[in-house]
Amino acid sequence: MIGPTPAQIAEELRHFQARLAEGAHTLRSLSPIETGVLPRDPVYQEDKLVLYRYRPRVTEPHPIPLLIVYALVNRPYMMDLQEDRSLIRGLLDAGLDVYLIDWGYPDAGDRHLRLADYVLRYIAHCVDHLRERHDQDSINLLGVCQGGALSLCFTALHPAKVRNLVTMVTPVDFHTPDNVLTHLIRHVDVDLLVDTLGNLPGQLLNFTFLSLSPFRLAGQKYVDLVDILDDAQALRNFLRMEKWIFDSPDQAGEAFRQFAKDFFQQNKLIKGEVVIGEQRVDLRNVVMPVLNVYATQDHLVPPAASKALAEYCGSRDYSELSFEGGHIGIYVSGRAQREVPPALAAWLLER
Amino acid sequence: MAEQTAPSDPSGFDIEWLLEQARTYLAFGEQLQPLNERFYETLDHRDGDWGEALRQHFDQLKAALAEAADDPGGHPDLARLWTVILDTWRQTAASLGAPATLAPLAGAKTEHWRTYQKVQGQYLDLLRQAAKEALDLMEQRLGERAIAGTAVESLRELYNLWVECNEETYGRMLRSPDYGVLNGRLLNALLSCHAQGDTPT
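If you read the sequences in order, they're chains X and S. Oh and the first sequence: position 125 is 125 in this note's numbering, straight run, nothing missing. Oh and the second sequence: position 154 is 505 in this note's numbering, straight run, nothing missing.
Same shape as in the complex, but just chain S (with noise of 0.2 Å):
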């Protein structure tokens, strides 16, 4: 009476995600690498003035994210970081039979994708302000663990933490009220695109 399924069934595992994540995981190592080699540089520079180099190594690892999120096709394995939601957004949207790619606005047929893309946009900026801030309470974080003088032992101890803060941040941002309207906003404007058979172009 068992239910099977083979790992390449669409309702099992899929393999690609698994590697997928693992790029993204491997572009968050290969990023951290060179500015942790600056941080060194920094703190010898600085006779050891561990909190300005701290500063200084997240202002360049929040510049990197930032190109990636304003460019994702430029570094898409370390885009995914931060975006991993919205891309699982697009393909349930891709699967309810509507595309749902960022087109540009100029580039849109009709009123109801205009406004699917202005709502998405507005997502996206949600999800970015989540972003901002999980680095935010990450560089935070190390510097309270700096005082207590618990060292952060490994690259998966720093994702970890890099995973917690997002938890944390994106948590609030989910739960506000804002997001509750936006959520509705955005499944209701791809609805609409969908009953009125537009498609971008």
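For reference, chain X alone in the conformation it holds in the complex (with noise of 0.2 Å):
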């Protein structure tokens, strides 16, 4: 058999355009959609970024704070995306007392900001507010993503000011055969790019990452969300991802310049010639505990990508959390909510 007979794809043609119609309404009709669920307080602000302080959820939480630094990239209510789906609230849960970095959305003015900017002057004011705030010489830092390279830049650089040190998804190693963002920026002239536009347009990432599975991520998707229109519940998680998904800030220009020649093209984390502000990035100085924890089919950033962490830190205290799932499924899979944040809790807790 080929498939279905002639009259069978009639018959599921009307079914699909019923669904469809019936299901257009129902999504016209839907209120907005919220993400971010948690109560949580700015304590500190400079130009866009706001520093949050998620309210404890236990009496009295551990004295060492975590700061959660996320990509530029995206939006960060992907850690507390909705009710049950939310590594914040677990880390809440565990005891741990939580803070974390929203960037905000960078515009024209903003073109000139540095990578040296995020890392030397918000990343590092936010540490010392914390330090300050709960009396501590050091606090526990857990970078996301892009976030994570971040850190193991301030990391490197002020290794007294970082107790504990977690990386999430995050590349080390841009250069690991299987890593296709940095197949498809090689060739692109970022020089060329940046003078051209300024800030780098949410919408080029959103492309490409649309391109990465085009078939899957702007055709079959949408296919598939016929099945669920009648579904309330299903529906709106699926457009709070989707909300998500398309969230994308623009990049500040020169920060970006700097991150896709240095990190994408050039490979210079590793190398050690990575250099912030005057300063060179050596990652034999991230001596502190390190929990590196990637996800084993993450199509962004690849497991070899990350792992490279284990050969290029000076931490004698390394080790590894694997995740069965991919880059978005380890903040918001229902396994990962029982997974992650106790094993990241627990880690921190023992240190």
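Think of the hints as simulated: they come from the structure by calculation, not from any bench. Model, not experiment: these values are computed from the prediction. Each hint should be verified, as a subset may be incorrect.
Derived BS3-like pairs: lysine-lysine, alpha-carbon spacing no greater than 27 Å straight-line [what the hints assert, rightly or not]:
id: 1; chain 1: X; residue 1: Lys-48; chain 2: X; residue 2: Lys-271
id: 2; chain 1: S; residue 1: Lys-469; chain 2: S; residue 2: Lys-413
id: 3; chain 1: S; residue 1: Lys-469; chain 2: X; residue 2: Lys-221
id: 4; chain 1: X; residue 1: Lys-48; chain 2: X; residue 2: Lys-221
id: 5; chain 1: S; residue 1: Lys-413; chain 2: S; residue 2: Lys-483
id: 6; chain 1: X; residue 1: Lys-307; chain 2: S; residue 2: Lys-413
Using the hints, put the two chains back together into the complex; each one sits in its own frame.
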């Protein structure tokens, strides 16, 4: 059999059309979609950056605060997407005191922000604020994806201020053979890009991510959506994720220039050749306990790109946590909720 | 503290995109329906020569898609089956302030614009080739399933197989050295137009 008979196809098409017509009506009648559900309070602001403290969920949270440094790409509410998909909630439930940097949306006025501004000014000021606020010499740092690379830079330059470092789906070696993003950016004239556009438009990043799997991400996903159009809860979950995917801030031009050239194109992080401000980043200075979390099916940051940290960092207390899933699933899948936050919290609380 | 968006918010969900993809799926089904009809007729006439009927079926399907590829305007919903990434690229290019249509080369004003159009044409050729290979792969997979005695139960299953095959051939193309170079050239060419303030006719 090649497949269904013509009559069966006709019936399937009729059924699909009917569900679509009904579902499109449901879609239009939905109330606004909310993301980022846990209560939090701004405790520090600088330019467009806001540092939030999530309200503790235990009476006496752990005295060492945990600062989450998210990527500049996409929005950090992925860490607290909805009630039952929140890595932050899991960390709070385990007794941690959790802070998160929201970078905001860079605009034309931010095109001259350099990586030095992000690492030596924004992250450094947040870390110092928390050290002072909690009367601690050092704090715990959790860097996510690109935020992990920035955290590594900060930690290598200020190791005394970081008690424990957690990196999640963080690229370290950008030239592993399976790194598709490097493959795509390798021949881009980054100087022409930044000189022409100023900031890197978020829509260009969206295109890059879609182009990795267009038939699934731009086609099949929406055909499958028709199956759940009558399920309001499933639909809201889908829309919440959809909102996050396309909520892509522009990237500050100069910071992007350096990140694209030094990290992606020239793989300087593992060579010890990245210079932030006027200081060279040497990963051997990352001597505190390190937990490196990677996802086995990560199509954006291949496991090998993350696991390279074992070879290049200077820590004698280096551990890895392997999650069976993808780059997004590690935050939002049901299994991730059960496995990842308790493991992170246990590792931190032991140290 | 929650962040909100309405479904019509540009940063949120675009219902029109859903409808477009749904129309594409419908076009896929409508294209398969008469071909399936002929497939069953062929099967009857050839006393159940399944392999020959499948070959004929796919030849017709390839011809139909090739026609849509050569003239997307003739059947845009069908053409979108394999030009989805090109459509997304054009929207992206437009958002950067540079119109990115496949205007005739003769209508181009400057060397930069001609270069961009040429590279975009090469990009289209790579996509077209990957799409053709996907149909070959799909034909092969269906043949394997027939030998294994595994029937395809529904149009959706056929569509999913089609997606799987396209992802496989597209993925191979994406990871090839040629694509990496072309992807860079495409963006660089567009940026050169933008930098020079070129506009197409």
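Subject >> Violations among the numbered hints >> reply: Those not satisfied are hints 1, 3, 4 and 6.
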